[in-house]
Amino acid sequence: MVSLTINGKTQDFDVPDDMPLLWVIRDVAHLTGTKFGCGLAQCGACTVHLDGAPLRACVTPVGAAAGKAITTIEGLSPDGTHPVQRAWAELDVVQCGYCQSGQIMSAVALIKAKPEPTDADIDAALSGNICRCGTYPRIRAAVHRAATLAKETTR
Amino acid sequence: MNARRDFLKTAALAGGGLVVAFFVPAAARAAQTASAAPVAQTFAPNAFLRIGADDGVTVLLAHSEMGQGIWTALPMLIAEELDADWNKIKVEHAPAAPAYFSTAMPIQFTGGSMSTWTEFDRYRQAGATARALLVQAAAKRFGVKAADCRTENGEVIAGDKRARYGELVDAASKLTPPKTVPLKDAKDWKVIGHPTKRLDTPEKITGRAIFGMDVHFEGLLTALVARSPVFGGTVRGFDATRAKTIPGVRDVVQVPSGVAVIADHYWAAKLGRDALRVDWDLGANANLDSGSLRDDFAKTATSEGAVAAQAGDANAALGKAARRIEAEYAVPYLAHAAMEPLNCTVKIEKDSCEVWTGTQFQTLDQAATAQITGLKPEQVKIHTVFLGGGFGRRATPTSDFVVEAVHVAKAAGKPVKTVWTREDDMRGGYYRPAFVHNVAVGLADDGKPVAWKHTLVGQSILAGTPFQSMIKNGIDAASVEGVADSPYLKEIADYRVDLHSPSTGIPVLWLRSVGHTHTGFVMESLIDELAHAAGKDPLAYRRELLKDHARHLGTLNLAAEKAGWGTPLPQGRARGLAVHESFGSYAAQVAEVSIENDAIRVHRVVCAIDCGIAVNPLSIAAQMESGIVFGISAALYGRLTLKDGRVQESNYHDYRVVRMNQAPAIEVHIVPSTAKSGGVGEVGVPPVAAAIGNALFALTGKRRRELPFATA
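So the sequences go chain by chain: A and B. As numbered in the UniProt record's numbering, residues 1 to 155 make up the first sequence, in order. As numbered in the UniProt record's numbering, residues 1 to 712 make up the second sequence, in order.
Source of the hints: derived by calculation from the structure; they are not laboratory data. Treat the hints with care, as some may be off.
Listing some non-contacts, in silico: residues in chain B with all C-beta distances to chain A over 10 Å [stated by the list, open to error]:
hint, residue
1, ILE157
2, ARG198
3, ASP214
4, GLU328
5, GLN468
6, LEU618
7, GLU649
Covered, in the sense of this in silico footprint (three residues per stretch, anywhere, with C-beta under 8 Å from a C-beta of chain A), are these stretches of chain B [claimed, not checked]:
hint, region
8, 199-210
9, 260-274
10, 339-346
11, 384-393
Backbone N, C-alpha and C define an ideal beta-carbon position, used for all residues, glycine too.
Make a model of the complete structure from these sequences and hints.
As structure tokens, then:
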């Protein structure tokens with residue numbers, strides 16, 4: 001039995017400690033916004049936050065997340081209005097959309113750590129998130145835009 | 001086409017009441033049955049839209065949304081003619097039914113960059129028919145002539161009288177639709193041609209969008225299938241003793257493609273499959289080696305094959321030419337590597353079967369499922385969900401991932417979702433076929449080509465599929481498209497294009513831009529070689545050769561101008577260009593590259609696209625960006641290798657694709673046009689590799705004739 005706090009809600013899960021967090025989130029908690037892409041921390045589609053830091057849920061044993069705050073895409077904002085989500089909508093970033101939960105979670109963590117990210121910061125923070133639709137140029141522009149929106153929001 | 005006509009007739013008889021000319025799907029029919037009651041809550045004048053009493057306009061998509069933006073473009077066509085309130089548009093994937101067969105082929109599918117142009121008339125007509133009935137209903141209510149009514153933003157207006165579409169649903173449902181409805185003149189378009197943001201964004205930025213992988217309902221189990229490590233291998237026997245001890249594993253069953261481990265969730269199924277022991281009969285392909293195949297292909301390419309296109313006498317003209325250029329080009333097998341690994345959910349009941357999956361091939365999947373379950377096709381419901389990328393992999397003529405899932409659910413006797421791991425997806429076959437091109441070009445004194453002999457060697461995608469009959473005189477058109485119909489060859493009196501289509505045992509399939517993935521690279525690299533041999537600037541040389549090909553020339557000139565062709569670049573950078581027609585559209589690209597620490601870096605790509613009428617300029621730009629990044633992945637990294645019959649690559653670490661730090665800045669310029677729309681989704685891919693290769697040649701003086709460049 002593992003006790004997890006996902007998006008502010010604490011719940012017990014009858015799963016082995018070494019089961020990857022991703023599959024507890026997806027197949028047991030049934031929060032399917034977090035995606036499975038590779039299972040090897042190669043693509044970033046499974047990115048969630050653990051105590052605010054981005055992490056690949058597909059290679060994280062669920063036991064390591066016990067007692068910590070897990071945030072998934074569903075917990076980012078109640079209505080899709082987080083500055084990063086707003087920037088994504090403004091710049092029409094998504095295509096197939098499968099990788100975008102992970103992209104957004106990585107971008108949110110980046111802007112939190114670096115409120116004015118440079119292109120090099122974006123490369124460093126987001127090169128672990130693959131997009132086969134090739135939305136990278138729009139993601140880059142949207143991260144910059146989100147940084148501006150985030151500042152306006154907190155002002 | 002008879003089957004379709006008969007179906008429409010039957011549907012018209014069975015539907016009764018309101019059927020216009022289309023089959024009305026079950027959901028809408030239920031609403032009609034309700035119209036026997038006093039007030040209709042839904043107006044469903046045809047298979048493509050329904051309007052609710054709440055003013056909501058639901059558009060049913062005959063095609064699958066896989067990123068290309070059809071979720072927005074098709075509603076735009078309806079909204080244009082309906083004068084709908086854009087904020088009231090809702091979108092659904094249509095069920096699998098003959099009403100949604102393509103206007104180009106009697107199947108329901110998404111591919112060939114055809115969705116928008118093949119639906120351009122049908123979806124506009126659907127919107128116009130609905131509008132006509134709403135106007136008629138309003139005219140009656142207002143006591144005016146229909147001609148005195150106008151429509152705007154979801155309302156019918158006559159003088160000071162107004163009615164929202166939702167208020168007219170009941171009355172409109174009771175009217176007989178007109179036989180023909182005139183469509184708007186292009187100059188009156190308010191939606192078509194205007195940059196329109198995607199309608200699927202809200203779901204896709206909040207995690208609410210449901211992909212095949214996300215399908216869930218009470219009692220659904222998850223299966224992973226152990227498949228032969230060699231294509232065509234079969235199960236000799238298996239030992240599931242240990243697999244069954246894994247907590248959560250419910251069953252282990254044999255299916256034609258292997259052995260399925262069925263469990264409560266993915267992780268238990270994965271551990272169960274790891275613990276499974278299967279004794280494989282590897283079959284005939286255990287010695288397959290992609291390196292040897294490449295050598296074999298190269299040897300075959302020195303002999304003549306089936307003729308795909310010819311004029312005059314290429315051999316004689318080559319003998320007489322002032323100069324001769326000979327070259328061998330090669331491209332490897334490629335995996336689609338879509339972000340969402342393959343998956344399919346199946347629920348079989350006594351008289352029905354439901355399938356949930358991201359598919360590009362509804363009709364074939366439905367037929368294959370019916371055959372396995374012993375049901376009629378109409379008893380099989382295909383629920384199309386969002387596709388986490390398609391690129392052709394989800395349009396398998398064999399319906400491989402659906403067929404397997406149906407077998408698993410049938411053997412289990414329970415609803416099952418079959419999930420592929422990334423490694424399964426990478427190694428599961430259906431690749432872009434490897435090709436070798438052997439080309440000899442004769443040049444005249446002025447440097448222009450006067451003779452062209454071009455032999456291609458590579459597997460046919462259609463061979464052995466239900467589409468086999470489309471192979472004519474030994475030619476699978478998809479193998480030679482982009483060469484056989486090249487504008488350069490049209491200007492030459494003596495040429496010959498021929499093809500060998502060897503069988504190898506490796507399952508092959510269309511991959512975004514299909515034959516153009518290699519022919520665009522080969523033709524545009526060759527033209528660069530010829531320009532160099534002629535001592536001419538690659539742009540000037542192409543302008544001469546393409547002077548009578550206005551749309552090639554238009555995109556070429558626009559891309560060159562916007563890229564600043566001929567202007568100085570920072571030290572260590574060079575430009576290359578390419579132009580290629582595919583799927584009825586024309587794309588030219590200029591790439592700026594450098595080599596940094598032995599790695600090729602693409603800094604900037606400028607693209608000009610002429611796709612005729614640009615229905616949604618915003619999504620056209622997005623698709624060019626997408627195609628360019630997809631093409632760069634193939635140009636720099638993409639290569640699938642086989643050794644001892646086994647695919648060597650397994651995941652994104654050894655099958656590399658472009659990442660954020662490797663993505664160039666991209667600029668897209670759309671050529672204004674009133675020509676019939678062409679395709680968009682694949683058109684951005686073909687020129688990229690050549691543009692990069694030509695830039696690398698300009699930079700280094702070394703011609704690269706084999707993909708991928710990073711390892712060549």
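Against the structure, the hints come out as follows:
1. The beta carbon of ILE157 (chain B) is kept farther than 10 Å from every beta carbon of chain A, the shortest such distance being approximately 32 Å.
2. For ARG198 (chain B), the condition that its CB be more than 10 Å from all CB atoms of chain A is violated, with the nearest at approximately 6 Å.
3. Distance check on ASP214 (chain B): its Cβ comes as close as 4 Å (rounded) to a Cβ of chain A, failing to clear the 10 Å threshold; non-interface status is violated.
4. Listed as outside the interface, GLU328 (chain B) is consistent with that label: its C-beta sits roughly 30 Å from the nearest C-beta of chain A, beyond the 10 Å cut-off.
5. At roughly 30 Å, the least C-beta separation between GLN468 (chain B) and chain A is larger than 10 Å, which holds for a residue marked as non-interface.
6. A beta-carbon of chain A comes within 10 Å of the beta-carbon of LEU618 (chain B); the shortest separation is about 6 Å.
7. Distance to chain A confirms GLU649 (chain B) as a non-interface residue, since its nearest Cβ pair spans about 12 Å, more than 10 Å.
8. Restraint check on the region 199-210 of chain B versus chain A: 11 residues with Cβ-Cβ distances below 8 Å, three needed, restraint holds.
9. Here the region 260-274 of chain B counts 4 residues with a CB under 8 Å from a CB of chain A, which clears the bar of 3, and the coverage holds.
10. Only residues whose C-beta sits within less than 8 Å of a C-beta in chain A count toward coverage, and the region 339-346 of chain B has 3 of them, enough to reach three; the restraint holds.
11. Requiring three or more residues with a Cβ within less than 8 Å of a Cβ of chain A, the coverage given for the region 384-393 of chain B holds, as 6 such residues are present.
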